[in-house]
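In the order they appear, the protein sequences are chains F and X. Read left to right, the first sequence gives residues 29 to 463 (the numbering used here). Read left to right, the second sequence gives residues 3 to 394 (the numbering used here).
In short, the hints are calculated from the structure, not lab data. Just so we're clear, the structure is a prediction, and the values are computed from it rather than from any experiment. Keep in mind that the hints are not guaranteed to be accurate.
Sample of chain X residues lacking proximity to chain F, with all beta carbon distances greater than 12 Å (derived) [claimed, not checked]:
1) S129
2) E141
3) R152
Partial chain X-side listing against chain F, Cβ under 7 Å, derived [as the list claims (entries may be wrong)]:
4) V112
5) K121
6) F124
7) T137
Beta carbons are placed, not taken as given, at the ideal position from N, Cα and C, and that holds for glycine.
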Amino acid sequence: MRPSVVTAKAEDVLKDASMIKQKEMMAKHYERLSSAPETGAKVASTFVPGNLNELIMCFDLVNNLPEVNAIQSGLRKQSGSYIMEAERAGHSEDVCTYVKSDIGMMMKGNIGPNGKKLPDPDVLLLSYTGCFTFLKWFELLREQYKCPTIFLQTPYMADGKVTPNMVQYMVKQFKETVIPTLEEVSGVKFDIDRLREYLKKSAQAEDDLVYILETGKNKPSPIDAYFGGIYYIGPIFGAFRGTDDAIDYYKFLREEVDQRLLKGLGPVTPDGPMAEEKYRLVVEGPPNYTSFRQFWKMFYEEGATVVASSYTKVGGTYDYGFRHDPDRPLESLAEYCLGVYTNRSLPMRIDMLSDYINEYEADGLLINSIKSCNSFSAGQLLIMREVEKRTGKPAAFIETDLVDPRYFSAANVKNRLESYFQMVEQKRSGKGAAA
Amino acid sequence: MTEKTVSEIVERCQALYDDLNFTSAREWKAAVPGRKVISYMPVYVPRELIHAAGMLPLGIMGGGDNLEVIHGDAYYQSYICRIPRSTIELGVSGRVDFVDGMLFPSICDVIRNLSGMWKMLFPDVYSKYFDVPQTYKDEVGGVFYTGEMREFLEDLERIGGRKITDDDINASIAVYNENRKVMNELYALRAAEPWKAPASEAYLVMRAGLVLPVEEHTQLVRDYIAAASAATDRPMKDNSRVVLTGMFCEQPPLNLIKSLELSGCYIVEDDFVLVSRWLIGDVPTTGDPVHNLSQAFLHSSMSTAAKYEPNQEEKGQFLVRAVRDTGAEGVIFASTSFCDPALLDRPILQNVLKRADIPFIAFKYAENSGQMQPIREQAGTFVDSIKLWSAA
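With the hints as constraints, model all of the structure from the sequences given.
Okay, structure coming up:
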């Protein structure tokens with residue numbers, strides 16, 4: 029029988045068995061990446077939201093994700109020095125810290141999380157979805173690596189709908205630029221049936237992911253859809269969508285979550301199973317990675333579980349029905365890119381968060397506003413007010429950063445969270461006006 | 003007919019610049035029943051289409067340094083530039099309550115999200131995020147862009163209650179060709195004799211074009227060029243000629259431009275109010291106007307950080323060419339605080355300038371920056387170093 033919780037001695041934290049499995053998958057992927065110069069594998073660097081993993085695999089390319097590298101650097105407390113390195117080289121203190129962490133890492137030898145050098149990319153696949161910074165980021169990397177850069181523009185879903193003009197534009201980009209250049213870089217001829225096969229596998233894993241995320245509707249929730257959610261989305265948002273590994277992982281995870289559900293248990297935290305679910309929250313915005321455990325602890329020590337989050341939708345809004353479709357391969361890839369969370373208009377994001385609060389019976393909304401991520405953060409105060417107005421549930425706002433440790437003030441965040449939980453209590457006891 | 007003096011023209015432009023109630027646009031609208039005004043934020047929108055619909059395109063460049071932001075700060079956390087705050091302030095304080103539509107060009111994530119905020123705050127007013135192609139192949143980006151423009155035209159027809167014909171658009175293209183021509187003449191005069199047409203004046207003349215009907219503005223620019231060219235009381239100073247870049251969205255306070263001039267800079271090229279000079283050369287005035295506008299955008303338009311440059315060799319060359327063409331001696335990077343596109347672009351552009359052996363300095367500002375002394379000192383030192391090295 030699979031153990032549902034195992035002790036990972038090295039880090040002295042409790043992890044789900046699925047977390048261990050996920051960690052092994054990631055390690056395997058980084059090994060594949062760092063050994064590319066020896067194996068002869070070619071590497072495509074690309075971004076998480078709107079990534080085209082299935083297409084990349086059609087050309088036998090290995091997927092390198094600079095954002096994930098920055099996250100890994102943040103979790104390993106290395107991003108701070110990378111950011112300083114980039115700033116010393118002339119990058120502004122005002123811009124995206126993922127970019128500076130990546131550039132700083134490159135300047136310090138590009139050593140990946142496995143301690144080995146990451147290879148230079150053979151191609152930069154600039155899938156420009158929901159974040160203008162991506163465009164500049166790859167212009168900066170192109171200057172360094174001098175490799176082909178493929179541009180895929182995803183129009184912004186400003187009016188809350190996907191128009192035929194948008195889909196046609198993207199399909200044309202696939203046909204006229206993306207696929208021909210990937211063929212040229214890889215030397216592999218494009219096979220649409222191979223793509224269909226991968227898309228079919230994606231859809232299978234996506235079904236299980238949605239099931240898992242929606243278990244947050246239970247009381248207690250067997251998952252934490254923010255801190256735990258980071259682990260859940262890793263394989264499907266990263267290098268594994270379209271693979272058997274992803275299918276296996278999500279099946280495994282689903283069984284694990286089902287076990288907890290049957291026993292009426294909450295999520296597993298780094299300090300053990302969650303004791304009592306006192307607060308159910310919806311969280312908007314990415315987490316802070318440099319103080320990830322400390323940040324998480326502030327929640328589970330208070331009995332707060334995140335039952336739904338927008339961050340788990342940055343790599344696809346599957347719970348809103350989207351599935352990769354092998355019968356409409358290129359159109360489906362286009363619709364996938366168009367639908368990711370940060371490509372959705374502010375009104376759509378407000379609808380989504382309000383729906384989550386109602387459907388997941390949450391106590392309120394917490395926004396973690398990221399200093400250096402305008403794509404997420406610009407407009408969040410309006411989101412907060414509007415969601416409060418629509419749901420009648422209290423909302424709170426904290427500010428941290430993705431991977432810059434200078435912008436995580438633990439005392440400040442903790443203070444605000446404690447005030448927020450008091451506000452929730454007041455609301456529950458009918459003293460709504462005080463909130 | 004009495005010719006206007008430089009000071010009369012500049013005074014009028016200054017009054018238009020200072021007027022945050024947009025009185026001239028309000029008066030234009032009120033003069034004829036049924037008139038409509040469509041406003042837009044910085045960088046680029048095809049104003050020809052709005053003009054062809056019989057409407058007034060109105061440029062909104064934030065609130066500047068005279069607007070006290072009271073409500074706007076409640077919508078944004080600390081680490082966000084100022085232009086969205088002051089634009090929200092203009093909206094919630096009723097200063098743009100006469101506007102029938104608002105366009106948010108594709109500049110950055112902040113302006114993109116502001117388009118959604120505007121929809122929430124002013125649900126009864128037409129608002130549109132105006133997406134442009136970042137890929138420049140005719141069959142790809144071109145088809146997309148013509149599609150977007152046709153959708154926009156349909157919206158304008160609905161708002162205006164009348165059909166917009168190709169002839170209407172071609173006529174408007176001709177009017178804007180003329181306006182760009184005089185704007186380019188103004189820039190040519192300033193590059194040749196910057197002491198006659200200082201940047202602080204040229205800027206005000208250009209800003210007037212955002213609020214006036216285009217025909218009226220073209221005449222105003224002509225008048226200014228004539229008056230400034232004829233001026234005899236403006237001696238040449240021992241200033242350095244510089245290109246100013248990074249100011250394509252949130253505009254600098256006027257005092258900043260004046261401070262740079264006082265510190266010894268002749269600004270001979272810049273990226274202020276790019277919409278006025280975005281398309282390079284004339285757009286054809288016959289044939290399919292939407293196609294022609296699309297072609298001009300794809301193949302003959304200005305470079306800025308809000309655009310993707312597909313060709314690595316071409317990256318930053320617009321700046322090198324601007325320096326060479328105007329005989330500039332250096333470049334000043336002036337970016338708004340928290341401006342992702344400008345600040346992320348800056349290291350690449352600086353490397354390009356290093357390779358071309360062009361000196362540069364960099365600083366940041368906000369539209370309400372009040373303290374000019376550090377900027378003046380920095381720019382003064384830069385100018386001194388240019389003089390020192392060019393003399394060596």
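> For the hint on F124 of chain X, does the least C-beta distance to chain F fall short of 7 Å?
Replying inline: At 12 Å from the nearest chain F Cβ, F124 of chain X fails the 7 Å test, so the hint is violated.
> When you look at the beta carbon of R152 of chain X, is every beta carbon of chain F farther off than 12 Å?
Replying inline: Its Cβ does come within 12 Å of chain F, the nearest being 9 Å, so this is violated.
>> Please check whether the beta-carbon of E141 of chain X is more than 12 Å away from every beta-carbon in chain F.
In response: 7 Å, violated
> Can V112 of chain X be said to touch chain F, with a Cβ gap under 7 Å?
Replying inline: Since the shortest Cβ distance to chain F is 4 Å, the answer is holds.
>> Holds or violated: the hint that T137 of chain X contacts chain F, with Cβ atoms closer than 7 Å.
In response: This interface hint holds because 6 Å falls under the 7 Å limit.
> Does S129 of chain X sit more than 12 Å from chain F, CB to CB?
Replying inline: 9 Å, violated
>> Interface hint check: K121 of chain X, Cβ to nearest Cβ on chain F, cutoff 7 Å. Holds or violated?
In response: Holds: closest Cβ of chain F sits about 6 Å from K121 of chain X, inside 7 Å.
Of the numbered hints given earlier, the model fails hints 1, 2, 3, 6; all others are met.
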